[in-house]
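Under this note's numbering, the first residue of the sequence shown is numbered -19, with each subsequent residue one higher.
Please keep in mind that the hints were generated in silico from the structure rather than gathered at the bench.
One thing to keep in mind: the hints can contain errors.
Once the Cα atoms are required to be at most 27 Å apart in a straight line, the calculated BS3-like pairs of lysine-lysine come out as [said to hold, decoys possible]: (1) K148 with K171; (2) K171 with K45; (3) K45 with K139; (4) K207 with K139; (5) K197 with K207; (6) K207 with K45; (7) K197 with K26.
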Amino acid sequence: MRISQFLLTVTVLFALLLCLEKPVNAQMLERSYQLGGGTYTMQSLKNLQDDVQQGSSPIYLRSTKNFPTYFTFELKLGRAYRNIFRGAFLRMESTGSRLSYSDRTGFVAYDQIASALMIGAYMKIPIRVKDDFDLRTDPHLYYEPRLGLVFNYVEFISKSRIMDSSSKSVTDAVSMGLMTMHSIGYNMSYKRLNFAPFLGVLIDPIERPLHLTDNRKAVLLTQDNEKLRTRWLGLRFGIELSLR
């Protein structure tokens, strides 16, 4: 199952969970859906793109996309204990790059499409502003750390069409890593519905080299023998919708 299909399945199940009228027990549950954006370092994959561009003579492949800011999605389920939420999260990140050339005779394109599924644990710690603080109703700042595993999936796609002849090749690669994310948000509520804009940073200090999906020993390299790795390091921002 591709990451996009898996994410759709989980989103549908999570939407059903959000429709529950009452928490399953007396403790406060938080069911959250987060939509945002991110910036990405991806230096290793950018180096590979440079290699492809420099080796494209006699034509010149122009960079039309270079791992830009893109949407991020996150689902969370947590439980409050002493005003601190603790729980699990499922997060989706994606970005990509493109080199292309076209003229009257046809076109050539080279794409790198990177996706990551991140799974782990989080805490949401309110920064209280008064003694009689009510987690359910009072607007408040909060600090939210996360720690989790990263499951990377990258597609390398080369395609061309010259006159009546066309070709396409796809190479799939995967890897694993470790991530941590730290964000600050401001929670506002209306009855049981909560809204929270946030700003943070995602760090992936450990990223294993990318290897072919069907051969763990087939590690991908650049022309300088650099092992290819994803690098999701960057800013994160967006808004979170939750039901408590």
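Here's how the hints hold up against the structure:
1. Annotation: proposed proximity of K148 to K171 is violated, straight-line Cα distance about 53 Å (limit 27 Å).
2. About 43 Å separates the Cα atoms of K171 and K45, which puts this hinted pair outside 27 Å; it is violated.
3. Of the pairs offered as hints, the one joining K45 and K139 holds, with about 16 Å between alpha carbons and a cut-off of 27 Å not exceeded.
4. Between the alpha carbons of K207 and K139 the distance comes to roughly 24 Å, so the proposed pair stays at or under 27 Å and holds.
5. Proximity of K197 to K207 is assessed by CA-CA distance (about 12 Å); at most 27 Å being required, the pair is judged to hold.
6. Straight-line distance between C-alpha atoms of K207 and K45 comes to about 22 Å, which keeps the hinted pair within the 27 Å bound.
7. Pair hint K197 plus K26 holds up; C-alpha atoms about 23 Å apart against a cutoff of 27 Å.
Consistency note: the structure conflicts with the earlier hints numbered 1, 2.
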